[in-house]
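Student: Chain by chain, the residues:
There are 2 protein chains.
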Amino acid sequence: MGKAIPNRSDDYSLWYNEIVKKAGLAENSPVRGCMVIKPYGFAIWEKMQQSLDKMFKDTGHENAYFPLFIPKSYLSREADHVEGFAKECAVVTHYRLKTNEDGDGVVVDPEAKLEEELIVRPTSETVIWDSYKNWIQSYRDLPLLLNQWANVVRWEMRTRLFLRTAEFLWQEGHTAHATKQEAEAETKQMLDVYADFVENYMAVPVVKGVKTESERFAGALDTYCIEAMMQDGKALQAGTSHFLGQNFAKAFDVKFATKEGKEEYVWGTSWGVSTRLMGALIMAHSDDDGLVLPPKLAPIQVVIVPIYKGDEQREAVSKVAKAIKKDLSEKGLSVKFDDRDTHKPGWKFAEYELKGVPIRVAFGPKDLENGTVEIARRDTKEKQVIRLEDISVQVTNLIDEIQKNIFGKALTFRKENTHQADTYEAFKSLLDQGAFVYAHWDGTTETEERIKEETKATIRCIPLDSPEEMGACILTGKVSNRRVLFARAY
Amino acid sequence: MGKAIPNRSDDYSLWYNEIVKKAGLAENSPVRGCMVIKPYGFAIWEKMQQSLDKMFKDTGHENAYFPLFIPKSYLSREADHVEGFAKECAVVTHYRLKTNEDGDGVVVDPEAKLEEELIVRPTSETVIWDSYKNWIQSYRDLPLLLNQWANVVRWEMRTRLFLRTAEFLWQEGHTAHATKQEAEAETKQMLDVYADFVENYMAVPVVKGVKTESERFAGALDTYCIEAMMQDGKALQAGTSHFLGQNFAKAFDVKFATKEGKEEYVWGTSWGVSTRLMGALIMAHSDDDGLVLPPKLAPIQVVIVPIYKGDEQREAVSKVAKAIKKDLSEKGLSVKFDDRDTHKPGWKFAEYELKGVPIRVAFGPKDLENGTVEIARRDTKEKQVIRLEDISVQVTNLIDEIQKNIFGKALTFRKENTHQADTYEAFKSLLDQGAFVYAHWDGTTETEERIKEETKATIRCIPLDSPEEMGACILTGKVSNRRVLFARAY
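Those sequence lines, one after another, are chains A and B. Using our numbering, you'd call the opening residue of the first sequence number 1 and step up by one each time. Using our numbering, you'd call the opening residue of the second sequence number 1 and step up by one each time.
Bound-form chain A, shown alone:
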């Protein structure tokens, strides 16, 4: 079998595309910018969903479902919001087709024009706050802590599987609170939940921070984010949590009676992560042989490949392999026994390497004789022969070890590629290498824009843990009291 995918160093972008396709994660659909998420890719997304959903529920949130369509006039209610989304949305104008004149196809029926156009939701603040108006009267109705899992559409011109697609899957949390403090605390809590998930499940280290004004969510007062480094040194925004202030409450007239009997506008937040996380997962860990998955999100954690010649060996080997599968499954692991006789063991090895299965167990006639078994880990490619009776302890430990190792490797990589720059020359040179660069900025949108034009780098965030430090803006030399995080980004 030839090598399935190109090397990262040759063409990082092609490497990514090929992994997505060859590992059976997703592919382009006939609809421009929309993807088909294939079963193996969707199984990973399901594991992400389950973990996140539990975290949301553990922090007191409930799921609900709001309409796919948003009346056009709703978008306009919040000025920044419509500005942010109107330019890239799918617009439904009619509700019927009819047979064409030749009778061999269908055309839009001009008589079935909607009075008001409907927008396929790019995000649901407007339609949700319209409901909140009816649901919230008193402080007793607060906080309202809802989330929905949904598809959304943003008509992106340049799309890329998982990273930027016209339709994508996501969750969007929308909460309403009695006080500013509570809404701010919720915004930060959900940022922490996201960071916890991305670091401890996806094994991708993140920088937590707040966006500059120009990168804020359309309609938010503050946008918090987590930023992750990919293997080319570029940044990927992995999740955002927005403090909406009273913007949507005012746009949709959502007021509540306080304990003291006064009437006040409600405070809001919204927060979301999407199938974009799949892109981050792939780009952060995978190598030139294919996907590398952290065990916590791997649909198959252990694959058992039998090695044999002839039916007699096959039967003997299979018997033990099935016992291994039973043993490991009882430990809560997700195990596949691939006993297809249509493919050779070597083909299977390459296949599961490509698909990022964390542990491969190979078992053949020699093992049968010696009471041994071979285990190979995907992350380091190390193989070892162990005693058969030790397998469940060894594999269980190895699962934890791999999860930690993948995170550690990504963290080391990020450390090695994170720098401070104090001159614009050094700054540009670091960006060209592919790096996170901490540098001083004078705080103006003009400077931010000029740096972006000149270097293609954006301010990913003002990191929450960035210490106060007097300095001079990398571009203008004006005074700055804190470094911000610059990088080129996906």
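Check each hint, because a few of them may be wrong.
As the list claims (entries may be wrong) - Capping the alpha-carbon separation at 27 Å, the derived lysine-lysine pairs in DSS-like fashion look like this:
hint : chain 1 : residue 1 : chain 2 : residue 2
1    : B       : K21       : A       : K57
2    : A       : K21       : B       : K255
3    : B       : K250      : A       : K326
4    : A       : K325      : B       : K54
5    : A       : K22       : B       : K21
6    : B       : K415      : A       : K47
7    : B       : K188      : B       : K331
8    : B       : K87       : B       : K331
Stated by the list, open to error - Label-pair restraints from in silico Cβ distances:
hint : chain 1 : residue 1 : chain 2 : residue 2 : range
9    : A       : D11       : B       : L464      : 52 to 62 Å
10   : B       : K21       : A       : K259      : 25 to 35 Å
11   : A       : K404      : B       : R158      : 38 to 48 Å
12   : B       : N100      : A       : D141      : 19 to 29 Å
13   : A       : K331      : B       : K415      : 43 to 53 Å
14   : B       : N134      : A       : E46       : 50 to 60 Å
15   : A       : D80       : B       : E182      : 31 to 41 Å
16   : B       : D465      : A       : D390      : 35 to 45 Å
17   : B       : A79       : A       : D141      : 30 to 40 Å
18   : B       : D339      : A       : D80       : 39 to 49 Å
19   : A       : E115      : B       : A79       : 24 to 34 Å
20   : B       : K404      : A       : K404      : 22 to 32 Å
21   : B       : R140      : A       : S318      : 42 to 52 Å
By construction, these hints were calculated from the structure, which means they are not laboratory data. Cβ coordinates follow ideal geometry from the N, Cα and C atoms, glycine included.
The hints should help you fit chain B onto chain A, whose structure is shown.
Tutor: Chain B in isolation, oriented as in the chain A frame:
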């Protein structure tokens, strides 16, 4: 507290609408025909999803995700299919809005017109079979057993919460097989899965059957269905499973190489259930005091309401109530302890009755003295005082007992309201009472249509277990060799 909802006997339709709203299940949205599924309603749907998803996976299916949009030309590829769906679909014609001339709103940007209109999926056969064309080359690629959980849109003119909405949530299975026999077996297997779910989780008995030609899914050779009886004697189609033959394979040119090296068209099936099941669940079991939920789908299976006066009693009672909660939770039950002091116990009793919580546990100072606790079941309204130490055994048994009782009650109701009719007069009179009527039919679409016009009853299905029996058509007197199931339907 006044009575929350009207009686079934006074206005069945209003009773249904009020339960849906008052129990916090769903409400209408500002978008015509689209609903908002509220947290309590969505929690029930989630339980349905989880149970069904496990059943699909246990029968070898995997989840995937296909695009929301379908190019207009795709719909036309299968003649019956376009005929069935073109008249009620949401059409996306543009991909951008722009600020209007007055600058106070947005309008569709005429320059952002799509070359080909996109249809919001009413069902996904076309876009999925287009992918299958690329995924299937050989018999080794078959069977392909996929499912997706998705939202779909059909522009219904008269909508009703859960029962008929423009947007609804559903799952759609789409499978591809090498032989006709295998595809037919899959179609029937999934019908059995649906029947198993509806009877054993939703506690609603169903009749399994096959649709007449005029009621078939647009593009199918056979549509199998399960039909359930609501408390007004009307039928509700709870799920369908379609044998597609080679129709979509031919429309999308999906061929495979057989073991013998021949090239043949693939055989297909599709099957789906939707949020309509929520309507069936509500209408089959609920009563004049509100929702009645089968324990297997109840988000809260047991609610504990403390009874006390003053802080001292409250503390003593709460301590035991919390121990009860812990005890029952450890048995795997979903338990809520409602210790809000903003509402009286009587208010809470009515609230949980309205919400259909299967078991209510009340615990007060007298119980504290006597070592007792009161348990009340929602289905029969029976209350009993039991010894505190027996609670986990008693409640666990009662959960099973309630599940069985609800099903039994629905089955008895259906039996009492299912009849045979041998004259058209008797037939019409039975329908007016609200009944399932088994009657002879001459097998023609004309007769079926005329009966529908004259009685508003449709042939729900040709039941799979209907014995051969010679007879005369209820309308025309022509020969018939089997009774079919007639009813008025939702």
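Student: The structure should be examined with respect to each hint, and the outcome stated for every one.
Tutor: Evaluation of the provided hints:
no. : hint                          : verdict
1   : K21(B) x K57(A)               : holds, 24 Å
2   : K21(A) x K255(B)              : holds, 22 Å
3   : K250(B) x K326(A)             : violated, 43 Å
4   : K325(A) x K54(B)              : holds, 20 Å
5   : K22(A) x K21(B)               : violated, 48 Å
6   : K415(B) x K47(A)              : violated, 44 Å
7   : K188(B) x K331(B)             : violated, 36 Å
8   : K87(B) x K331(B)              : violated, 51 Å
9   : D11(A) x L464(B): 52 to 62 Å  : holds, 57 Å
10  : K21(B) x K259(A): 25 to 35 Å  : holds, 28 Å
11  : K404(A) x R158(B): 38 to 48 Å : violated, 58 Å
12  : N100(B) x D141(A): 19 to 29 Å : violated, 36 Å
13  : K331(A) x K415(B): 43 to 53 Å : holds, 48 Å
14  : N134(B) x E46(A): 50 to 60 Å  : violated, 23 Å
15  : D80(A) x E182(B): 31 to 41 Å  : violated, 56 Å
16  : D465(B) x D390(A): 35 to 45 Å : violated, 55 Å
17  : A79(B) x D141(A): 30 to 40 Å  : violated, 52 Å
18  : D339(B) x D80(A): 39 to 49 Å  : holds, 42 Å
19  : E115(A) x A79(B): 24 to 34 Å  : holds, 32 Å
20  : K404(B) x K404(A): 22 to 32 Å : violated, 48 Å
21  : R140(B) x S318(A): 42 to 52 Å : violated, 21 Å
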